[in-house]
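*Asks:* Put chain E on the given structure of chain H with help from the hints.
So the protein sequences, as listed, match chains H and E. The first sequence begins at 1 in this note's numbering and counts up by one. The second sequence begins at 1 in this note's numbering and counts up by one.
No lab work stands behind these hints: they were computed from the structure. Any given hint could turn out to be false.
As the list claims (entries may be wrong) - Simulated DEER-style distance windows between Cβ atoms: (1) E:P101 x H:Q277: 38 to 44 angstroms; (2) H:T303 x E:P143: 42 to 48 angstroms; (3) E:P101 x H:T303: 43 to 49 angstroms; (4) H:T303 x E:P429: 42 to 48 angstroms; (5) E:A276 x H:R146: 48 to 54 angstroms; (6) H:A100 x E:R204: 50 to 56 angstroms; (7) E:E368 x H:R177: 54 to 60 angstroms; (8) H:D280 x E:R189: 34 to 40 angstroms; (9) H:F254 x E:D317: 41 to 47 angstroms; (10) H:G227 x E:R204: 27 to 33 angstroms; (11) E:A276 x H:D280: 45 to 51 angstroms; (12) E:A171 x H:G227: 17 to 23 angstroms; (13) H:E305 x E:R204: 16 to 22 angstroms.
To be verified - Pulled from the structure, derived: some chain E residues nowhere near chain H, Cβ distances all over 12 angstroms: (14) D83; (15) F103; (16) K122; (17) R124; (18) E148; (19) T162; (20) G176; (21) L192; (22) A203; (23) R204; (24) Q221; (25) G241; (26) E298; (27) V319; (28) R388; (29) A389.
Stated by the list, open to error - Now the stretches of chain E that chain H is said to cover, found in silico as 3 or more residues with beta-carbon under 8 angstroms: (30) 267-274; (31) 344-356.
Quick caveat: nothing in here was measured; it's all calculated off a predicted structure. For glycine and all other residues, C-beta sits at the position ideal for the given N, C-alpha and C.
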Amino acid sequence: MTAEPLRTSDGTALRVETQPSLPGLGGLYARGAAASGRIAAGRALPALPVIGAGRSASDTEHDGGPLTLPDVAYRVAGVTTTGLARHLHEYQRLLHEPVADVLPAGYLHVLAFPLATAVMVRGDFPLPLLGMVHLRNAVELRGPVRMGDVLEVRAWAENLRPHRRGVQVDLVAEIRRDGAGPEERAVWRGVSTYLAKGFSLPDAPAVDDESRPEWHLPLPTGRWALGPGTGRAYGAVSGDRNPIHLSALSAKAFGFPRAIAHGMYTAARALADVGHQRGDAYRWTVEFGKPVLLPGTVDLAVTQEEDGFAYVGWNGRRRQKHFSGTVTPL
Amino acid sequence: MATRQKTSAPAAGGTAAQPQGVRDAVIVGGNRIPFSRAGKRYADASNQEMFTAALEGLVARFGLQGERLGEVVGGAVLKHSRDFNLIRESVLGSSLSPATPAFDLQQACATGLEATINIANKIRLGQIESGVAGGSDTVSDAPIAVSEGLRRALLEAQHAKTWQARAKALAAIRPGDLKPLVPATDEPRTGLSMGEHQAVTTARWGIAREAQDEVALASHQHLAAAWESGFFDDLVTPFRGVTRDDNLRADTSLEKLASLKPVFGRSLETTPTMTAGNSTPLTDGASTVLLGSREWAESHDLPVLARFVDAETAAVDFVHGHEGLLMAPVHAVPRLLARTGLTLDDIDFFEIHEAFASTVLTTLAAWEDPDYCRDELGLDGAFGTVDRAKINVNGSSLAAGHPFAATGGRIVATAAKLVAQRAAETGRPARALISVCAAGGLGATAVVESV
Numbered sequence: 001m002t003a004e005p006l007r008t009s010d011g012t013a014l015r016v017e018t019q020p021s022l023p024g025l026g027g028l029y030a031r032g033a034a035a036s037g038r039i040a041a042g043r044a045l046p047a048l049p050v051i052g053a054g055r056s057a058s059d060t061e062h063d064g065g066p067l068t069l070p071d072v073a074y075r076v077a078g079v080t081t082t083g084l085a086r087h088l089h090e091y092q093r094l095l096h097e098p099v100a101d102v103l104p105a106g107y108l109h110v111l112a113f114p115l116a117t118a119v120m121v122r123g124d125f126p127l128p129l130l131g132m133v134h135l136r137n138a139v140e141l142r143g144p145v146r147m148g149d150v151l152e153v154r155a156w157a158e159n160l161r162p163h164r165r166g167v168q169v170d171l172v173a174e175i176r177r178d179g180a181g182p183e184e185r186a187v188w189r190g191v192s193t194y195l196a197k198g199f200s201l202p203d204a205p206a207v208d209d210e211s212r213p214e215w216h217l218p219l220p221t222g223r224w225a226l227g228p229g230t231g232r233a234y235g236a237v238s239g240d241r242n243p244i245h246l247s248a249l250s251a252k253a254f255g256f257p258r259a260i261a262h263g264m265y266t267a268a269r270a271l272a273d274v275g276h277q278r279g280d281a282y283r284w285t286v287e288f289g290k291p292v293l294l295p296g297t298v299d300l301a302v303t304q305e306e307d308g309f310a311y312v313g314w315n316g317r318r319r320q321k322h323f324s325g326t327v328t329p330l
Numbered sequence: 001m002a003t004r005q006k007t008s009a010p011a012a013g014g015t016a017a018q019p020q021g022v023r024d025a026v027i028v029g030g031n032r033i034p035f036s037r038a039g040k041r042y043a044d045a046s047n048q049e050m051f052t053a054a055l056e057g058l059v060a061r062f063g064l065q066g067e068r069l070g071e072v073v074g075g076a077v078l079k080h081s082r083d084f085n086l087i088r089e090s091v092l093g094s095s096l097s098p099a100t101p102a103f104d105l106q107q108a109c110a111t112g113l114e115a116t117i118n119i120a121n122k123i124r125l126g127q128i129e130s131g132v133a134g135g136s137d138t139v140s141d142a143p144i145a146v147s148e149g150l151r152r153a154l155l156e157a158q159h160a161k162t163w164q165a166r167a168k169a170l171a172a173i174r175p176g177d178l179k180p181l182v183p184a185t186d187e188p189r190t191g192l193s194m195g196e197h198q199a200v201t202t203a204r205w206g207i208a209r210e211a212q213d214e215v216a217l218a219s220h221q222h223l224a225a226a227w228e229s230g231f232f233d234d235l236v237t238p239f240r241g242v243t244r245d246d247n248l249r250a251d252t253s254l255e256k257l258a259s260l261k262p263v264f265g266r267s268l269e270t271t272p273t274m275t276a277g278n279s280t281p282l283t284d285g286a287s288t289v290l291l292g293s294r295e296w297a298e299s300h301d302l303p304v305l306a307r308f309v310d311a312e313t314a315a316v317d318f319v320h321g322h323e324g325l326l327m328a329p330v331h332a333v334p335r336l337l338a339r340t341g342l343t344l345d346d347i348d349f350f351e352i353h354e355a356f357a358s359t360v361l362t363t364l365a366a367w368e369d370p371d372y373c374r375d376e377l378g379l380d381g382a383f384g385t386v387d388r389a390k391i392n393v394n395g396s397s398l399a400a401g402h403p404f405a406a407t408g409g410r411i412v413a414t415a416a417k418l419v420a421q422r423a424a425e426t427g428r429p430a431r432a433l434i435s436v437c438a439a440g441g442l443g444a445t446a447v448v449e450s451v
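Next up, chain H with everything else stripped away, as it sits in the complex (with noise of 0.2 angstroms):
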């Protein structure tokens, strides 16, 4: 079944391919939150079982050739909330979110991003999905989801472009309410920039080195205390079990020195730490730097800013950024 076209954001036209259910989310009905973790099949996985034959890092037949984005976008219809109370409120522990029948926005990430993951395991997805860097996010939650709410989530990859270690790319997911009109907006929209390392473009200008204008550490406004658990809490309730997240031995493999934390796991802590001001509509935005090692302390600095919040995560005994953002209503 195909849906109307759809177009990206450089106007790309899509193909609009309907997938029977969100990867996973069956699942997730049938053994509540135990089963959680199987909401996605994890960005490290080569393949994703509900979606046909994905490809893993090994497929090099792009190596050398033009690199090209699927022209498909991914579309569930019908994805009902109802059942989702325990594994909400779960995460939303788990985030220091309040525990409610409202859903925050790292949580629609959760719900949605599983449908970009099965983008970039296609088999013409040019990228390797294994060790690719998420580089920054931006959403937009544009009103309050609340559980029970009838959601269609559609994602696809676009804007192939540059950077200076590879090439990145844009994943993004939409989330409407089902039976929302065509030129009715997505109530949620997220765009995951990731890099592929050592990845290059044809006839692509030379991307100068950003510099880094010296950082100078804020006064913080909070702490966490990250247990070395950190990235399985996370990856259980998020279905992302990337191996760099769930232990030490697992994350030397891919060249950290312990685990990692999610960097959305960072994101939507602080999003959740900006509280109630930020209101049922905002903007949250996050770019990561040094990744955060398990077990590990991170100071925080929210602040208010003229129209909203910005947040920094950083390691005060090393004086590392790990992340930044904002967070603003709309």
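*Replies:* Leaving out everything else, chain E in the frame of chain H:
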């Protein structure tokens, strides 16, 4: 016991008779046990044992055996759930009349002062004739909780209807869940300990290390002198062989204090200044204060030290650093003095709880800053300068220690006795201002005046 409440059944069609209007609540005296550093002499003493000891000492001092008091109010910050009626159980364990009502109250480090405010207000309203306020805290005998994972599994198993469901719930327990949770003094909303919060405030106000060490030294010297002069002889009852606050270092010096390594603010860009010497140590202890109406004190042939004039609490927005965690009293005091028609110059004694030496100094700095006072306190300019010679003249928490809920009672009794002594010396009324900061961005302040 005198009864002043003249309530009668409402006349048909009329309104109920009110208790008599606002009258004075007076402080008769206080009693506490010596404060002791955590993990030492009181290591196995529970909150109830300590509070009962302090209360029983008060009863003995003022001959209240068998007396039915109007109310006993107090609390503990670190409290086990079995102590849901900590104060009532302590009353039942004392020689007060078992017909003395009691309840628990908790406002972090302001618990003792808030309890005093509560008792004073009930007396002023004519609801009670007498009451005891106080508090107790032990870090040594602190309740330990099980981890969230174990707690949830145990609750689920308890709620399970079949053995299979019970087994399933218990199977969810992971080895990591067996690690107990020791109570922390971290602010729940920020994850920063109180010391780290104050380190941020200290950095914002640029308070120097030397100035903090001087406050700490003065606290020890003043408290030592007060003990030497016998000031505490009728305010303290020995407990478990301890006869003096054992955190007191009469022989400390600026050199010794200067040699200590900073413990808070070490990951800030500014040089850390807060040490174990200029921060309060974790302490165990309990305190009580006896209040009553003038008539009650008179009819019981009891002395009156001071009148509890008025009180003001405040809270600040500290979560995103707009204001320092321990700065709420800075906001409360100008409001309190405005309402009581007093200025800083009318105050003879400033009892500013030394959560940290820098808490005292950031409080003073804030009141001297015209921009801050305009923008944050809504004043026309600087609130004013406090004569340093009037601050904590008999020492405070840096020297005595700070068993959270017990500090308010210590300060109220000290302040009441100070103003009574001063008035006796000079023949003029004397006043003390009490300021206690508390976790959660809270603060409680009060004025007591000689009678």
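*Asks:* For F103 of chain E, is the shortest beta carbon distance to chain H beyond 12 angstroms?
*Replies:* holds, 30 angstroms
*Asks:* Grab the minimum beta-carbon distance between G241 of chain E and chain H and tell me whether it stays above 12 angstroms.
*Replies:* holds, 38 angstroms
*Asks:* Between A100 of chain H and R204 of chain E, does the beta-carbon spacing fit 50 to 56 angstroms?
*Replies:* violated, 34 angstroms
*Asks:* Verify the CB-CB distance for P101 of chain E and T303 of chain H against the hinted window 43 to 49 angstroms.
*Replies:* With Cβ atoms ~48 angstroms apart, the hint holds.
*Asks:* R204 of chain E clear of chain H by more than 12 angstroms, beta carbon to beta carbon?
*Replies:* Nearest chain H Cβ is 7 angstroms from R204 of chain E, so the label is violated.
*Asks:* For the segment 344-356 of chain E, count the residues whose Cβ lies under 8 angstroms from any Cβ of chain H; is that count three or more?
*Replies:* Not satisfied, violated; 0 residues make the cut.
*Asks:* How does the Cβ-Cβ distance of A276 of chain E and D280 of chain H compare with 45 to 51 angstroms: does it lie in that range?
*Replies:* Since the Cβ atoms of A276 of chain E and D280 of chain H sit about 46 angstroms apart, the hinted range of 45 to 51 angstroms holds.
*Asks:* Quick check on a hinted range of 16 to 22 angstroms for E305 of chain H and R204 of chain E, using CB atoms only.
*Replies:* holds, 18 angstroms
*Asks:* Between the beta carbons of A276 of chain E and R146 of chain H, is the distance compatible with 48 to 54 angstroms?
*Replies:* 50 angstroms Cβ-Cβ, so the 48 to 54 angstroms window holds.
*Asks:* Is it the case that E148 of chain E keeps its Cβ farther than 12 angstroms from each residue Cβ in chain H?
*Replies:* violated, 8 angstroms
*Asks:* Just double-check G176 of chain E for me: nearest Cβ-Cβ distance to chain H has to come out over 12 angstroms.
*Replies:* With a cut-off of 12 angstroms, G176 of chain E comes too close to chain H, as the shortest Cβ separation is near 6 angstroms.
*Asks:* If I take the minimum Cβ distance from R124 of chain E to any residue of chain H, is it greater than 12 angstroms?
*Replies:* The assertion about R124 of chain E holds, with a minimum of 37 angstroms to chain H.
When held up to the earlier numbered hints, the structure conflicts with 2, 6, 8, 18, 20, 21, 22, 23, 27 and 31 and fits the remainder.
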